[in-house]
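> Please dock the two separately framed chains into a single complex, following the hints provided.
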Amino acid sequence: MAIKDYLRERFFPHMWCPGCGHGTVLNSMLRAIENLALEKNDVVMVSGIGCSARISGYVDFHTLHTIHGRALAFATGVKMSRPDLNLIVPMGDGDALAIGGNHFIHAARRNIDITAIIMNNRIYGMTGGQFSPLTGYGKLATTSPYTNIDHAFDTVSLAIAAGASFVARTTTYHAKQMTDIIQKAIQHKGFSVVEVLTQCPTYFGRKNKEGGAAEMMENYKNITTPIGSKASRENPDLIERGIFVEKEMPEYCSEYNKIIQKAVKGK
Amino acid sequence: MKNQIKFVQGNEACVEAALYAGLDFFAGYPITPSTEIAEHMAVRLPQIGGKFLQMEDEIASLCAIIGASLTGNKVMTATSGPGFSLMQEALGYAIMTEIPCVIVNVQRGGPSTGLPTHASQGDINQARWGTHGDHAIIALTASNHQDLFTITVEAFNLAETYRTPVLLMLDEITGHMRERLHIPKPGQIPIVSRLKTSVKQGVDYHPYLPREDGRLPMSDFGGIHRYNVTGLFHDMWGFPTDNPQIVHGLLRHLLDKIGNNVHLIAKYKEFYLEDATTILVSYGSSARSALHLVNNRRNRGERLGLLELQTLWPFPYGIVREKCANARHVLVVEMNMGQILREVKIAVEDPEKVFLANRVDGMFITPTDIRNILRLIQGKGV
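Protein chains in written order, with this note's numbering: chain Y, 1 to 267; chain W, 268 to 649.
Next comes chain W alone, as it looks inside the complex (with noise of 0.2 Å):
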């Protein structure tokens, strides 16, 4: 039998990941620090049957999954910073013709070309408020390659069953650091496969008429069923309209379907919360230095604890706040320069009780860049 338990880069951690969901297809374009996502699905994929595909660009990549994804495939293109920058248009097209397919970014210092091969968490509201007009959208992201590996099969999951893109936010640290990861085997994590129409051939198919739970069955382009697909603003047939009303009827079933469903998504592990007087909020590899930092205060009798985000987009207000009520002081961890501190601030009763601890010079932030922090906090000094 074949070992089960490798040590690797989490860029291949992720594609083994993909792999286990069940991708199809990839196409993507060589960009630090994410190309060994490509490097690796050139081999694993054609081994299974699946297509690997290197485009002329970012663009043309993402466009080239969300065809393969209508046909019935399961899809993935990964990138970086100014890759991701060039694949917003193409993500609102996914979010307006609800076609699933799951984005990585391996976050590298920004802007511009910024930091090719540095540590950075700057993508986060992009991620967010990148592509232009109203709407939602699913990013996630994980702080160790266990984690990476079931946060990338739940990022396929929540695609399937939201039928949007999911952003898989990683981060240069999390991407080239090498850890052991235990493969799980088939079955041990769930799988959502894609909600295909019973609609029969012949009989009419609605392909944008939403099921009274939400959720869109789909039939696969080239099938039985000959639809429109367009990223203008569309009817149930998948025509286009400006017809005021199916056309905030549209906008209100793509905000709602995720908006209503933040419960379900939000993914999160915590540490030592019951009794902490002092929270740190974190995510990604960031969180790794946060950990530390916590468990060692911890065996000092120090009240820390540390909520590790994995679901960053929708943002989880209600965990946070009750997570946090109790707190006397929320510390955020992370690379830029406060973008999840801002939800925190929002979701909190108090704001003035949270505080940013970051780095944003493309060193990895430490757990003593973060207890020199939570000093000064705490009225200690430096």
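Only chain Y is shown next, with the shape it has when bound in the complex (with noise of 0.2 Å):
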């Protein structure tokens, strides 16, 4: 299938600014799902507030675009009801580890089968450029004009802390990866995290004077190194990509499905 007939073309142009990175995350989630071969009727995209969060409208699957910081709480319905469906739950940085990230540590606590993408632009792009639990220590936004004093969390350390079993990162500069990395994870039966590094240039590059679109996302290929090379054990200070937990887990519905039998059997 091409690629245009995963998009509901009715709802173009989209929203987001020239040289944002959502629409290479759209891209290569796309990709992923062309490369599974995944009926559309089997996809619900679930997704929550932010210029991330409009993912779901411009796809044409089963799309719930919801409150702000609970996409992961109302895909938990919908999966719980329908474990055959394949559950994608688009998130920004502010959606999923301010708003959400309640709502994200307990996703991946209980292991439930769907698949969180979290696109850190490192920056509230929708609001006009407030700093994000992701923005970083140092950073400038409209409301850290002096300078960021709050600390950012680190994505994958998180999910890996609070029982993800599938967890990943990578940036919009390598969109092949990013193509292979979503196709697993949502293969991948349990919680499973990607990180994307997408750019904002709108608002967090421009703050910080980090160039365009294409200064940026060069930048994602200078900053990050794959997991365990030789560049990352020379230089700590380079962020890494690719695949860091990928292990089998007792997956929540499955779990579920054994309650409704134990009790069943004991009525």
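For the record, the hints were derived by calculation from the structure and aren't laboratory data. Among the hints, a few may not be true.
[Stated by the list, open to error] With a Cα cut of at most 20 Å, we get these calculated SDA-like pairs of lysine to any residue:
| no. | chain 1 | residue 1 | chain 2 | residue 2 |
| --- | --- | --- | --- | --- |
| 1 | Y | LYS40 | W | ILE491 |
| 2 | W | LYS467 | W | LEU483 |
| 3 | W | LYS536 | W | ASP414 |
| 4 | Y | LYS265 | W | VAL310 |
| 5 | Y | LYS230 | Y | ALA214 |
| 6 | Y | LYS184 | Y | GLY163 |
| 7 | Y | LYS258 | W | LEU483 |
| 8 | W | LYS273 | W | ASN411 |
| 9 | Y | LYS262 | W | ARG311 |
| 10 | Y | LYS4 | W | GLY469 |
| 11 | Y | LYS40 | W | ALA533 |
| 12 | Y | LYS40 | W | SER486 |
| 13 | Y | LYS265 | W | LEU483 |
| 14 | W | LYS463 | W | HIS443 |
| 15 | W | LYS620 | W | ARG567 |
The following block contains the structure:
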């Protein structure tokens, strides 16, 4: 199927700024779904609020655009009701880890079979450039005009600590790797987390003098390295990308089916 | 045959009624005095192949059941004041997206943590106005376990009929008190199933295009029709829009589908109203004391009557006006500072004849409490 066939053209043009990385994420995600040959009727996309959340409107799946931070809670209800469906939850960094942080760690802890894609542009874009929990110490934003004194989460460490059974990181510069990782994340039976570093030239880039979209993407090439690479050992400041965790663990919906069997027997 | 007569808490009666109504899915978070609902659900739901989820908070609980409802399930959550406050945003989402669900609030004393194990009816106005933006809401209540059973089934029926969240405003007394419950035979109380679309696969389905009667046939999420659901103002496709005509049309639809059907939604009970010169208006556990007093005074020849409201929102102004038209005094009995009193004053022709008998100290309002107020109003002294 052509990528175009996964899109709702009625919804276009999209609302993202020129140079925004979210379109690249959409592209990689659709290619992953195409590679897996998933039926459109078998995919449910649930999103919250923010630039990233608008991705759900553009795709021709069952799409649920919910409230800020709670996408994973809605997705949990859908998945528990219909474990046969593929649940994909794209979220921004603020959506997933500030207002939605609690739901994120608990979904990871349950190991429910949902694919969470955290589109990390280190800023609240839709409201005009306020710092997020991933902006990082020393960075500038409209609500940290002097400098940001909030330290950032490390999404990967957080997801691992919370118990996610698949954890990966990639960037918009590494679009082919992103497709590959998202594909594996969807296939993985359990809670999977994919952090994608994605550029916001309009707010984060401009405020922090990181240049335009092209410069920001090139920077992803320079500041990241494959997990366990020689470069990583020599320069611990580099951000590792790739699959950090991929393990088999009891999945929540399957576990609940066992509860049902127990309850029916004991009735 | 299984014994269909039980001696149970109101919270358990609520669970049995929800199962009778066809509940498939419950998500909740422990909070006094509603916790027994979650506990019984955890036992009962998997026995029939249903799903029980304990979520990380009340926000997630309501969000999860909304997601589950969209796939075609009948769903419920239960909480108390602080949890109900947390649910307000997601409640608005369910109203906007027209997703059926039932939310139980076993009220306790507030504000804030308040009085977790004491009696109060302080959330009645929050039920009406808690979530932001103009909206309509359905809120029901009951004063005894048999009525609570029927009203809980009714809550599910109304949620499906009007595609809206329905609030069940119980209180600590009805929730925790034990009394006799007779479980009706299947079919004894009618059950409303979800209205599903007859649009076939491959044919355009408009998820948000109401039929002529205002109802919206649903397509199960994950089924043959793919569509968008959003809390933004949306067109008939479920796509976001800020077109003023569509925005106005959707808001009117959300208000009118409930506002125009108050006569169908309103449930109430009346006792000795025909010749009553003094009418007590009450609801929930307060109505038990009110009824006790009315029965007592009738035996002594006093012309007292009781109008027990089971539908609190939309407020049945017409019914209250009509029933209270000939009364000399109207006494609203409730455990708050007059949240339904205000509506009764609006409803009647002569608001000066409406008085309040309340208690807001966490203690249950007794027949004596009501009688003392009544004597003052009637000029008999305490």
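> Please write out, lowest number first, the hints stated earlier that are contradicted by the structure.
5, 7, 11, 13, 14, 15
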